[in-house]
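Novice: These protein sequence lines map, in sequence, to chains A and B. The opening residue of the first sequence carries number 9 in my numbering; numbering runs sequentially from there. The opening residue of the second sequence carries number 149 in my numbering; numbering runs sequentially from there.
Don't read these hints as lab results, they were simulated from the structure. Treat the hints with care, since some could be wrong.
Short derived list, chain A residues pointing at chain B, Cβ under 10 Å [stated by the list, open to error]:
#1 D31
#2 A36
#3 R47
#4 L48
#5 E296
Result set (PhoX-like, lysine-lysine): computed pairs, CA atoms no more than 25 Å apart in a straight line [stated by the list, open to error]:
#6 A:K19 to A:K536
#7 A:K359 to A:K25
#8 A:K39 to B:K163
#9 A:K88 to A:K76
#10 A:K281 to A:K359
#11 A:K536 to A:K514
#12 A:K281 to A:K424
#13 B:K217 to A:K39
#14 A:K594 to B:K163
#15 A:K539 to A:K514
#16 B:K163 to B:K173
#17 B:K173 to A:K76
In this text, all values refer to a predicted model and were calculated from it rather than measured experimentally. All C-beta atoms in this analysis are idealised placements derived from N, C-alpha and C, irrespective of residue type, glycine included.
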Amino acid sequence: MSQYDWPSASKRRLVGKDINRVDGLAKASGKAIYTYDVRLPGMLYAKVVRCPHAHAKVKSIDTTTAEKMPGFKTSYVIQKPGTEIFWAGDDIVAVAAVDEHSAEMAARAVDVEYTILPFLVLDANPLPPIPLTAYRKPMDPQVVGDVTAGFSESDVVIEGDYGLPVITHCCLESHGSVVTWTQEALQVHISTQAVSGIGGQLSQALEFPQNKIQVLTKYVGGGYGAKLAADRWGLAAAQLSKQAGGAPVKLMLDRHAEQQVGGCRPSAYAHVKIGAKNDGTLLAWQSESWSTGGLGGGSEPPLPYLFQIPNQRRQHTQIVNNIGSARSMRGPHHPQACLLTMGALDDLAAKLNMDPLKLLLKNVNLLAARAAVYQQEFTVADRLMGWSQRWKPRGTMSTGVVRQGLGVSMHSWPGKAHNFQCNLTINPDGSVSVKAGTQDIGTGTRTVIAIVAAETLGLDPEDINVMIGDSTYPTSAGSGGSGTVGGSGTAVRRAAVDALEQLFDKVAPALGTTADQLTVGQKTVLAKGGKASLTWKQACSKLGTLPLTVSGKNPGPGTLADSGVCGVQMADVSVDTGTGVVRINKIVAVQDCGLIIDHKTTMSQVYGCLVMGIGYALYEEKVMDQNLGQMLNPNMEFYRLCGIGDIGELVVHLMSGTGYDERGIIGCGEPAVISPGAAISNAVANAIGVRVPQLPLTPDKILAALSGVNS
Amino acid sequence: MSTRRKSISVLGPGKVPVRVLINGKTYTANLEPCITLLDAMREFWGLTGAKRVCDRATCGACTILVDGKREYACSLLAIDVQQEGITTIESLDTNGEPDPVQQAFIDNDALQCGFCTAGFVMACKGFLAEMPSPTPEEILKGMSGNLCRCGTYAGIQRAVAQAAAAIAQSPKHARGKAQRSRRKS
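Starting from the given sequences, assemble the full structure and let the hints guide the process.
Specialist: Structure representation (structure tokens):
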């Protein structure tokens with residue numbers, strides 16, 4: 009029986025160390041070719057005519073003027089006359105021309121007429137007088153225990169409103185593809201986080217055999233959950249290519265479209281009521297929540313977050329509105345549930361005149377899982393932030409115009425390894441490659457594959473040629489749910505262990521022993537206990553003329569991965585009560601993630617989550633024009649991302665070693681993005697003495713909350 | 149900018165011949181006068197290291213150096229930079245040997261998806277040329293013209309500091325001796 013399990017800590021040369029990502033220079037030198045950079049001979053450029061109305065019916069489409077424009081090649085109607093359109097920015101017609109400028113001019117010459125229909129783009133307060141029946145999808149109330157009894161037994165009851173708006177993914181590389189569709193084949197360079205999954209979508213929609221489709225994504229400029237589909241514009245690019253006789257067609261969304269339709273995290277709002285004993289014991293939860301997320305309505309966040317409060321009544325309403333379809337975004341539903349719950353618990357602590365950290369710790373017995381880990385993490389976070397020494401009740405941390413405050417939050421995430429297949433090849437010259445139909449969306453997938461293969465084979469990461477981003481390679485799941493590190497790590501481990509055993513069979517005679525007596529050292533194959541050894545190259549030459557290719561997959565044998573991680577975060581902020589500006593002083597993030605493969609890139613994932621979290625806590629919002637139904641800030645000037653000067657001091661601590669490593673790999677790309685909104689919101693409340701109900705915590709909201717206090 | 153425009157009369161409509169000196173090499177094309185330097189580089193001259201992201205001088209993913217100063221290539225017209233010398237990311241690593249700034253970005257994992265990286269590296273080159281020994285506060289201010297969505301700022305802060313130290317120590321040495329790509333903790 010092969011021994012797949014991870015080597016023990018003392019035997020790991022690479023796993024868990026700080027290792028530079030293997031494609032670092034490709035990216036830092038501009039040589040990494042993204043979809044946006046692909047240029048093919050005879051390539052045409054496509055632009056999409058988009059509906060300017062939030063709700064309309066296409067009345068007519070006239071392309072005759074466009075067809076006479078210089079450089080025009082072909083056009084494709086995506087949504088025909090008579091089609092009902094449900095959001096501004098939706099695709100109507102695609103136009104291809106010899107260069108981008110000509111395509112833009114031709115697209116502008118397309119004449120589309122619409123019948124305008126009533127719409128709803130309200131988000132925060134979808135209340136009467138708007139006729140809501142058409143837009144409301146109330147879900148059945150969920151009841152646990154006896155909520156009336158729970159509240160009557162409570163010593164203290166608080167009620168509050170909490171919410172966070174729709175934000176957009178804002179991938180720096182916009183969605184898009186370069187498609188070549190001839191009678192024989194369909195080749196698609198596409199910015200996606202699902203290389204193996206796109207082919208099936210294209211095949212079905214275009215009615216073209218999947219065995220003639222190749223999807224290529226060598227590098228992708230951000231996804232965060234927004235790039236899992238072929239998308240309607242991807243299909244349009246294919247149609248344009250076919251109509252143009254198989255010429256390659258490049259269709260990348262411009263920034264305006266990317267912000268409007270390329271990303272959308274559902275909002276969530278709730279009126280929350282919590283009942284507790286004077287000692288902080290949680291007894292009852294009641295929430296009326298709603299969320300928007302376009303035509304499908306926003307889905308229900310898991311409330312109350314983490315704490316299984318004994319008596320609950322929850323009622324969620326999905327609001328169907330005309331803002332574009334929701335897309336999954338980093339830790340879907342969790343940041344929303346976290347803010348709605350942790351904000352309310354923080355207000356409860358204030359009412360109880362209790363340190364919120366103590367309130368959370370008081371109720372660890374109500375946590376769905378992993379209470380002991382949370383306790384350990386809080387201990388570490390307390391030390392790194394100096395919480396216990398520094399924390400003071402609301403509004404009393406400091407005096408003066410600029411007020412300082414501390415906030416705390418906690419979260420969990422599954423991070424389960426996804427399905428993954430790979431082929432590992434050892435060549436007679438000693439070179440090694442791994443092929444998999446996966447993608448590296450910036451998380452470090454290439455590096456994880458290289459580290460695991462190199463660790464197992466006694467090589468260096470640079471010795472492994474990692475070949476990914478091609479759907480003709482072994483099938484792997486899309487990158488979602490933080491599953492790629494576990495899927496790739498475990499599958500490559502299994503392939504490498506099996507490959508090594510087969511190599512040993514060929515090498516054993518040369519070392520005068522049997523395969524089970526062989527092991528690898530640093531670039532050597534050696535007999536256990538003896539002195540006989542071969543260099544890695546010498547050993548591989550025993551393969552003869554043919555390379556050795558072994559496949560590996562996940563799921564598979566051995567205890568190599570697990571799921572379920574948790575983390576705690578503390579924020580230290582300063583609020584200028586004169587201007588309403590919030591500044592981050594420091595954020596502490598303590599996170600567990602099982603066995604770490606590359607400590608350096610794992611840290612980067614947590615740092616990245618914190619930065620994205622500061623962004624949605626303080627700056628980001630998809631602002632809709634209530635009269636026109638269009639997005640008001642479809643750019644990067646007024647859709648404000650976090651900048652380098654906005655992050656304060658970020659302190660990341662990964663829980664690892666005994667008690668953590670044995671669990672195997674667990675994904676860590678998402679969990680740390682869940683808590684920053686709540687931790688920062690709670691810190692602001694602590695600083696200024698009053699809750700600012702909704703994110704982002706912009707100066708207008710801070711000042712409004714303060715004026716409420718003063719009046 | 150005003151000095152550039154003085155020498156150019158009204159152009160267009162229609163394509164005009166354009167010559168731009170980039171990384172010491174002359175590139176030519178017949179371009180519509182409205183074509184930006186960024187689009188000319190990316191679509192006509194095969195220089196795709198600078199990225200088009202916001203296309204409106206906000207994110208810095210297209211950062212290049214014009215006569216050594218940082219500029220957003222998305223917001224310069226190709227016809228307007230025919231008298232200047234342009235430096236792009238493509239000029240940095242010679243024979244696969246990383247520039248100290250590139251090495252610092254790699255060592256500090258100051259990149260994730262990598263789409264903003266070329267712009268940040270060029271911004272860092274230009275910044276350190278202006279301010280060779282920046283304080284941490286000066287780094288935050290000096291590098292604030294670029295945005296990253298993956299959130300690599302903590303690594304970038306360290307990378308800029310490392311690059312400044314490496315260049316100060318010995319520009320030649322720092323260039324000639326790349327650090328090992330793997331470091332054990």
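Novice: State for each hint whether it applies.
Specialist: Going through the hints against the structure:
1. D31: Because about 8 Å separates D31 of chain A from the closest Cβ in chain B, which is inside the 10 Å limit, the hint holds.
2. A36: Holds: closest Cβ of chain B sits about 4 Å from A36 of chain A, inside 10 Å.
3. R47: holds, 7 Å
4. L48: With a minimum Cβ separation of about 12 Å from chain B (threshold 10 Å), the hint on L48 of chain A is violated.
5. E296: violated, 34 Å
6. A:K19 to A:K536: holds, 15 Å
7. A:K359 to A:K25: The given pair, whose Cα atoms are some 45 Å apart, is violated under the 25 Å limit.
8. A:K39 to B:K163: violated, 30 Å
9. A:K88 to A:K76: Roughly 21 Å separates the two Cα atoms, so the pair holds.
10. A:K281 to A:K359: holds, 13 Å
11. A:K536 to A:K514: Holds. K536 of chain A to K514 of chain A sits at ~16 Å (cutoff 25 Å).
12. A:K281 to A:K424: violated, 33 Å
13. B:K217 to A:K39: holds, 22 Å
14. A:K594 to B:K163: violated, 53 Å
15. A:K539 to A:K514: holds, 19 Å
16. B:K163 to B:K173: OK: K163 of chain B and K173 of chain B at ~22 Å, within 25 Å.
17. B:K173 to A:K76: Violated, at roughly 38 Å.
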